[in-house]
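Just so you know, the sequences run in chain order A and B. The number in our numbering is simply the position in the first sequence, starting from 1, with 5 added. The number in our numbering is simply the position in the second sequence, starting from 1, with 19 added.
Read the hints as simulated data drawn from the structure, not as lab findings. Hints are not guaranteed to be accurate.
[As the list claims (entries may be wrong)] According to the in silico footprint, chain A covers these stretches of chain B (three or more CB under 8 angstroms from chain A): (1) 22-32; (2) 39-53; (3) 114-127.
[To be verified] Just the calculated beta-carbon pair ranges, DEER-fashion: (4) B/ILE49 <-> A/ALA70: 49 to 59 angstroms; (5) A/ASP208 <-> B/ALA46: 46 to 56 angstroms; (6) A/GLY129 <-> B/PRO48: 33 to 43 angstroms; (7) A/TRP180 <-> B/PHE26: 38 to 48 angstroms; (8) B/ARG222 <-> A/GLU82: 53 to 63 angstroms; (9) B/ALA46 <-> A/GLY307: 54 to 64 angstroms.
[Unchecked claim] Chain A regions said to be covered by chain B (calculated; three or more residues, Cβ under 8 angstroms): (10) 53-64; (11) 82-91; (12) 99-109.
Backbone N, C-alpha and C fix where the C-beta goes; we use that ideal spot for every residue, glycine too.
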Amino acid sequence: MTTIDVDELVKVYPGGTRAVDGISFHIGQGEFFGFLGPNGAGKTTTIRILATLLRATSGHARVSAIDVAAEPGRVRERVGFAMQSVAVDPLATGRESLELMGRLHRMSGIELRDRVDELLELMGLTTVAGKYAGTYSGGMRRRLDLAAALVHRPEVLFLDEPTEGLDPQSRTALWDELRRVRDRGTTMFLTTHYMEEADELCDRIAIIDRGTIVVSGTPAELKRAVGADTVELRLATDGSDGLAHVHDEVARRLEGFEPLVSFERAATGVRLGLVEAGNAIPGLLRLLDGDGVTVRALTMSGPTLADVFLRHTGREIRAEEADQAIELGWWG
Amino acid sequence: MTALATFGHDTVFLGRRTLRRFYRVPANPISIVLYPLIQLVVFSQLFKEIVQLPGFGGGSYLAYLAPGQIAFTVFFAVAWSGSSLLYDYRNGYLDRLRVAPISRYAILAGEFVPLFVECVVMAGIILVLSVLLGAPIATGLPGAIGVVLLGGAFGVAWSGTSFVPALLTKNEQATSTLSILFFPVAFMSTAFVPPTLMPDWLRIVNDWNPISHVIEAMRSLMTVGFEPDILGRALVSIVVVGLVLHTITLWSFRRLTN
Chain A
6 MTTIDVDELV KVYPGGTRAV DGISFHIGQG EFFGFLGPNG AGKTTTIRIL ATLLRATSGH
66 ARVSAIDVAA EPGRVRERVG FAMQSVAVDP LATGRESLEL MGRLHRMSGI ELRDRVDELL
126 ELMGLTTVAG KYAGTYSGGM RRRLDLAAAL VHRPEVLFLD EPTEGLDPQS RTALWDELRR
186 VRDRGTTMFL TTHYMEEADE LCDRIAIIDR GTIVVSGTPA ELKRAVGADT VELRLATDGS
246 DGLAHVHDEV ARRLEGFEPL VSFERAATGV RLGLVEAGNA IPGLLRLLDG DGVTVRALTM
306 SGPTLADVFL RHTGREIRAE EADQAIELGW WG
Chain B
20 MTALATFGHD TVFLGRRTLR RFYRVPANPI SIVLYPLIQL VVFSQLFKEI VQLPGFGGGS
80 YLAYLAPGQI AFTVFFAVAW SGSSLLYDYR NGYLDRLRVA PISRYAILAG EFVPLFVECV
140 VMAGIILVLS VLLGAPIATG LPGAIGVVLL GGAFGVAWSG TSFVPALLTK NEQATSTLSI
200 LFFPVAFMST AFVPPTLMPD WLRIVNDWNP ISHVIEAMRS LMTVGFEPDI LGRALVSIVV
260 VGLVLHTITL WSFRRLTN
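In isolation and in its complexed conformation, chain B is listed as follows (with noise of 0.2 angstroms):
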């Protein structure tokens, strides 16, 4: 096999085993589809008369709305992933997997496994929710399934922020306060708010802020359509996003062996 295949190959069980371990414990699974919905409902409810305002220029709400709720729904499944590894590190298992014949990094991904379904699940059921609410989906299915693929794919590169803290201090409770330490990243984004009614310091931070380029690409594919030079900003912002901080968790999980 190349080491590509023995990569795909050893990510794909140690995935399997690792969202056994996520679903078998039933708050897991109860929560990641009860979560968005309150989520989704407490907020269309706050934030219904916002788009009155002139920023907004009076479109669908729920299609305003539910990216940014993908977003932070992604923010808090990130929060809790890299403890389940420091599980693994305390009673032994990762020393178990670290003396099999696999990649390091196979080990990580089988990590992500469990992260992405729960992200690809919370902003599915977002998406479905507000549709059912009325929201419009400009971009039919296909674009239904990107936004969805987007809200994966930026959890998977975020998951950094939770995986260094675990790596780094080997401790639940310091990972779970040091990845609330991200959260301002996702409430000084354009979830909630267009660019238009932030201050101008604001709006320069937001050119920069990989989430906005996220929440946009979601957004544009609700209302507009397939729009090459938002999608490409946002796949770019994810790209360079995961390479700094896997290369991060990389580094912080090789820390680990001496």
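Only chain A is shown next, with the shape it has when bound in the complex (with noise of 0.2 angstroms):
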């Protein structure tokens, strides 16, 4: 059974921005599903109309079997959704933040007391629930943010770049509630641009690109479709001009060598890409063995979603642009 499903969504934006293009995908129930893609591709936009927030150019998509352009009331009622921006009120304290959100969904009394004090005890938050929101640190402020979109135990719940912006041991507390909120039988949408992420939480991942989604799988599928390991070796040099000279020699040893995929130059040696790497290497030191080439060292890599999607769109993940909206008062 799917709860989410959208057909060949649309969204140009004025000006001409295509931000979606032709999306299709199923998102069943229960299920964790990530949008892997850098800045710009698409994936806010396209968590925006499945919120209701957006109306898409053409397409359709529906929640839970029900139309987000047509009856946005009703997805509202079903949906909890988590910005890229941490929503909170600097001036209302953790405990009237998620009362308000509870109020909005009209829950009252017991219902609404006993959900407020079971979520801030979830996120760690019992200790602060008495002081403003303005005054928290910024994994609390996101963990404020998940619960008051999750106070009406929302069906779905859209997660936008959930852990944008937070530490290292932020990031992987708010992992484990992420979870536990999937354990509780949520259907989770998750939009990222960090692969560890999507590894770590996602049972099906859609790789999005300009607009478009590029290929899509389980972070296990697509990373053995990649086929090849990485091997890095460094290799000893003498003189300014000897890495290049290196370089060639190590190119030339290797030709016509099978297991081989890619080769790659780097500052201290190179990088290949080996299928079944394991078995390849005594047959690689092999050939590179002889004078003018010395293996000081060797690391290997299974295939990361980094990869993946190196391979899919040519590009890294983290190419950075300078296109964030910025509001100087003018129409528009």
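Put the two chains together into one complex, using the hints given.
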């Protein structure tokens, strides 16, 4: 049974930017699904359309079989949304913020009080519940924001870059919270540009780039499909033009070496893509053995989602762009 | 619950938040108490002799001045009001509210609650101080409540002059500078000078100036009594201004959605 169905979704902003360009996907009930892609890929636009904050230009999106454009009110009763920018009211206490969200979902009395207590406990905010949210640390604000999205026990939780700007410790802690939320049966839809996060949390991911889904599958499937492991060799060099020389020599000796799928020159040696590297390394070392090439160190790693991304888009995920909106106070 | 009941429910809880946000910044309650005091004292000294002019008929200058002063404080309160919505817009809180199953208009209505309270408090302070200094209130306590409510109601109706610039520009500075452009409406009104002392064109403008009708209604409550046609004109002015500006405000608010 699917909880989210998206068919041929398109969003063109005034000005002509095609932020989302014909995306289709389905998320099963209770599934943890992730959109992985660089900034500006269309992740936030998609999630905002699903959360009824933005209207699609064309295509359909349904949450729990309800069309988001036709009946946004009914969708809003069923979803929670933790946004990229942490939305807390700095002059309200943690408890007040959660109570207001409950009220707006028509909760009241003991039901509301118990739910707020439960969430404060779950997010580790009980001791600071009476302090203004403006005094909270970054991690606490994130957790309050997440709690605010959960007050009404949503069927679906949307998470837009939930750990953006958190320190590593808070990040792992938040991951634990998210797993706990999922374990209670909530369908989760996350966007992230952190490979590790998608890998850790998601049952299934879709890699999104320039408004389209490039590939989707379980993290393990995607990594397996890349095929090659990465082997890094640190090479001894002599003299300043030595490294280039050694690079050339290594390239020459590896010509025709069957397991080799990629060859990259690095500052201290070479980075090789090898199919089943564990079996290929003895042969590799035998080929390199001889005057002029000295292997100082060798490290081997399995494929990561970064490799998956690189393979399917031809780019690194970290490309940064100065494309944030700024309000200069003029029409638009 | 019916649509109206849920709207009322949501407005109450959203209004409670915006009101808390307002009074938890100490400068806000301090200035809404001090500002009308300072304004009334300064202007009552400045215009002390104006009632001697022929067009005034020599009545109580405080009773004449107080309604105009209330109108001015209302204009100031409105000019401040739109920016707080922008703060919520920028830090994402507005989106958090927009994902909740509530009417869009309830979010705006929640913002009008502190504005209404500000207007009522400032009007009340001016009125009480004027009475203490000797101004009459011909209609007694019911009339005094009427004066204060007229101020609050006009503030909420007039709020569009701050909310529309805020929602269209999404920039705090632009909001304040643009809403100041509406101040001449108050300067041209009958706040300080009766129509008989105005040039002809200005007198004609004031037949259509909503704030002048509200000021005249307050004056009649203070000096004459309940005059249905004057009160009626004030109420019609408030309703018409409110309908027009709130329609544009809601349209601007929806415009943020896409």
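Each hint, compared with the structure:
1. Taking a C-beta to C-beta cut-off of 8 angstroms, the region 22-32 of chain B contributes 4 residues in contact with chain A, enough for the three needed, and the coverage statement holds.
2. Closer than 8 angstroms: that is the beta-carbon criterion, and the region 39-53 of chain B has 4 residues meeting it against chain A, so the requirement of 3 holds.
3. Remark: the region 114-127 of chain B is confirmed as covered by chain A, as 8 of its residues place a Cβ nearer than 8 angstroms to a Cβ of that chain, reaching the required three.
4. A beta carbon spacing of about 54 angstroms between B/ILE49 and A/ALA70 agrees with the range 49 to 59 angstroms that was offered as a hint.
5. At about 51 angstroms, the CB distance of A/ASP208 to B/ALA46 agrees with the hint of 46 to 56 angstroms.
6. Checked against the given bound of 33 to 43 angstroms, the beta carbons of A/GLY129 and B/PRO48, roughly 34 angstroms apart, stay inside it.
7. The hint said 38 to 48 angstroms for the Cβ distance between A/TRP180 and B/PHE26, and at roughly 39 angstroms that hint holds.
8. A hinted range of 53 to 63 angstroms holds for the C-beta pair B/ARG222 and A/GLU82, which are about 56 angstroms apart.
9. Checking the proposed 54 to 64 angstroms range against B/ALA46 and A/GLY307 shows it holds: the Cβ atoms sit about 59 angstroms from each other.
10. Taking a C-beta to C-beta cut-off of 8 angstroms, the region 53-64 of chain A contributes 5 residues in contact with chain B, enough for the three needed, and the coverage statement holds.
11. Residues of the region 82-91 of chain A with a Cβ under 8 angstroms from some Cβ of chain B number 8, which satisfies the need for three, so the listed coverage holds.
12. Here's how the region 99-109 of chain A fares: 5 of its residues keep a CB closer than 8 angstroms to some CB of chain B, so the rule of at least three is met and the hint holds.
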